[in-house]
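As given, the protein sequences belong to chains A and B, one line each in that order.
With this note's numbering applied, the first sequence corresponds to residues 97 to 747, in that order.
With this note's numbering applied, the second sequence corresponds to residues 119 to 410, in that order.
Among these hints, one or two may not hold up.
[Unchecked claim] With a cut-off of at most 35 Å between alpha-carbon atoms, the simulated DSBU-like pairs for lysine-lysine come out as follows:
| # | chain 1 | residue 1 | chain 2 | residue 2 |
| --- | --- | --- | --- | --- |
| 1 | A | Lys623 | B | Lys278 |
| 2 | B | Lys153 | B | Lys404 |
| 3 | B | Lys153 | A | Lys676 |
| 4 | B | Lys278 | A | Lys493 |
| 5 | B | Lys210 | A | Lys397 |
| 6 | A | Lys396 | B | Lys278 |
| 7 | B | Lys210 | A | Lys500 |
| 8 | B | Lys404 | A | Lys631 |
| 9 | A | Lys587 | B | Lys285 |
Keep in mind that the hints were calculated from the coordinates and are not lab data.
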Amino acid sequence: MKRILLLRGAELIVFALLATIPLLVVNPYALGLLTLLAIYGILLIGLDVTVGYLGQVNLAHVAFLGLGAYTAGLVVTKLGLGMAPALLAAMAVGLLLGGLLALPALRLEGPQFALATLSFSALSTTALNELEGLTGGAQGLSLSRPPVFGYALTPPLFYWLCMALLAVVWMLMRNLLASQWGRAFEALRDSPIATDAMGVGTYRHKVAAFALGSGLGGLAGGLYAFNFQYLQPQSFTYDLMIILLLGVVLGGRKSLWGAFVGASVIVLLPNLLSNRLLFQVFSGLGFAMALAAGWRGLMKKTTRPFQALAPVAAMGLLVVGGLLVENTEDWRKAIFALMLFSVVVGLPEGIMGFLALFLAKLFRVPHAPLPEPSDLDAVLPVRAADGSPLLVLEDLKRYFGGVKAVDGLSMTIRSGAIHGLIGPNGSGKSTVVNVISGLYTPSSGRTLLRGVALPSGSLFQVAQAGVARTFQNLQLFGELTTLENVMVALKGVYRSSLPLVLLGLARTEERRARADALALLELIGLKAQALTKAKDLTYGAQRFLEIARALARKPDLLILDEPAAGLAHPDVLQQIEIIKRIHQRGITIVLIEHHMDVVSELCDTVTVLDGGKIIAEGTPEEIKRHPRVVEAYLGHPPQTETSGGAEPLPA
Amino acid sequence: MNASIIGQMAVSGALMGLVYALIAYGFQLTYATSKSINFGQGELVMVSAFFSLTLTNLGLPYWLMVPGGLLFGALLGLVVERAGVRLALEQKGEGWILLTIIIGLFFFSAAENIWGRDDRPFPTPISADPIHVLGVDITRIELSVAVGVLAIMGLVELFKRRTLLGKAFEAVSADRDAAELMGISATRTVMLSYGLSGSVAALAGILVSPITTVGPTMASALILKAFSVAVVAGLDSGFGVVLVGMFLGALESLASFYLGSGWREAPGLVLLILALALRPTGVFGKATIRKV
């Protein structure tokens, strides 16, 4: 309760203060700056969706600002419509073009994504310049604010409009980003493969995030047009894009307050540069901060020397440069560069990331309390296991060029079994798992779940069909907490439609999701670490969490890909215990494992692969004595018996 | 339309395209060793060109100015690696994208203030007289661009194949961890690749400046097209960038002729977005198998 009061209280106070300013101050210059603050606030909240939550360097946002501005301008000047339709159109253009750009950019990560967005930006500038008949080209486009309900919008009224829109955007985005959608965006950033494998769907969420961010860019563009009432293509170029990135990164990623702080910095920058004294004071402050932060980091050994020293050097250059240079305006790009460099290297969490920790301590803001865990029987009901065939592989093949990784595999996994899949390195175990779970498309053959063919070549669709898997090389969502990792994957809880989520009317299911996820964490013994970031867990705990997350899919079939790999002995014992507990709930398990003791302890049936083919199948005891298995592992037939068993043992 | 004019435009365009290919080759060099590219490479081209111009103005003969410019480019490449790339690589993150953009911005601002905002001519001893080849006019400057580009690419490829250091380079490109285990310092190899990449950028600047003149914004259009070439060809095919570079150069030369000069950049950008959508590893790139 105290947490909610403090957080909402801070928002209320700031917005109330901002709303009363025009009543107290009549300085038109200050009002102009505050209007810009609101517009850039909306713009940066949009940019933060892609840069912060999706974690991609998005260089197209400035294009959406420009396209939105021109759309609004053209709607007013050419179509003669009012402000509301103009703003809606600006937002729609952002949403639509953002969605369209996201489609090809969908498969791209990191540098390629940055390049695609950069090209889009350049294309949009070219188009705005060259389509002279429509945009006026380099001449620019003049427009005037149309009246709203017959009232001319005076500067204070327009300011209130912008602030009101910022407040609305703020609330909607807060609701959205705190919901399953926000978690999915972050999951996507940390591991796209696992996001698909948990049935969340990278496709939908990446397009949605990008379209949404771009839509806000378009809306901000509409307001920009009505604020300046004159548009030029040169206003929306790479230079402004860098400043926007500076705003988001300096303010703090993944934070509405961060976007707000960033917007304030952007608005104040020109004043900072034109006033020499102000500039020297601020660069001095920056230098002192870099020095303090660097010193602290070095003493506590939390940062590398470069991370501590480079910002100090950059800010030092800023201070010295400020004394030497005649006109700081001329060097504005270099100044941005130095500031941005220091923040990216030395303060990756931004001002708000740093301040949030400090304020949380100062006001003793408690963590949101955890609910009581749900009843495990409600989250993961015990199912009847009847031993009927659950998963059937029919002559499955997967070739990589000439390599026959899986070469005609037929096997049956029975409901309620723990079915071991073992084999020497390179025998095709992992490929089998990757084909079943949809990461690879089989070269030929089928997989049937309860007699129905599983979709091939789509992690997402296979996950939806009821198969969950873990990953041998951990694919956790590192920046999310343990609890959130499980919540992302939780099946059958999130039913509210997007509008309800935006309006904050999906709180009940959010509470239920927390309680359900907590029950699963209790099952694997990680309840106490529910609020720890996954990347900060011990290696063993991370392996357990992979299993809890897969269980959140409430799967018919659970595939565990080397769940004991690299674990210390006590952790192996705990892992065995966890798998037994899951088995007792009637979930069928395929276990790929190297530890023979784990396999012996858990499995009813074991299939042995070598060279992509089955060489033996049977109980663990039969397998251990099977001559071809011994040969595959040790390289020569056992001395005591003649190796006659060329045929696989009947299961 | 007159076929000879089209041929003339295509040939001049293709020769210009070799410059894009050379800058794109610079991306490939660093991508091979570190899976990173310098988003501020255009600024390296521009600053090196300015520096070379200063060397010329100081009275250095052309054949001494060129190595001086290349050395300066290599130095800038090393600065980018140290300040923008190494930390991000150590953290296995993608921070280098933003950092190299930032460093590029700094170079841009510095060049603007040191050398001024105006475009300046770049003197060259090579004459601008055209030679007639098969009904097409090619200037000696254009020819020098082609020769320079192919020569340095050939030299670097020879270095990679024939010298021990070059083989270390190839080893780190193939498998960074395995190379480290064999006693090759991956960090030094990445430095080497950034140094080479900087030199290549400097040469591109020196070769193209007599045609485009030297100014702070001289590389902003160049670099977009170099990105396109690198992505369309694939970031691991040296042969591919030459082909794609010439193709794109010819294409944009024709586009600006038919659609108007403002649309000059458009084909490259469209090609790039298409290539990213349809074949993210590039036309000549190798497809990789996702592993988990």
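Hint-by-hint comparison with the structure:
1. Lys623/A - Lys278/B: violated, 54 Å
2. Lys153/B - Lys404/B: holds, 14 Å
3. Lys153/B - Lys676/A: violated, 43 Å
4. Lys278/B - Lys493/A: violated, 39 Å
5. Lys210/B - Lys397/A: With Cα atoms ~19 Å apart, Lys210/B and Lys397/A stay inside 35 Å; holds.
6. Lys396/A - Lys278/B: Not OK: Lys396/A and Lys278/B at ~43 Å, beyond 35 Å, violated.
7. Lys210/B - Lys500/A: holds, 33 Å
8. Lys404/B - Lys631/A: holds, 32 Å
9. Lys587/A - Lys285/B: Violated. Lys587/A to Lys285/B sits at ~51 Å, over the 35 Å cutoff.
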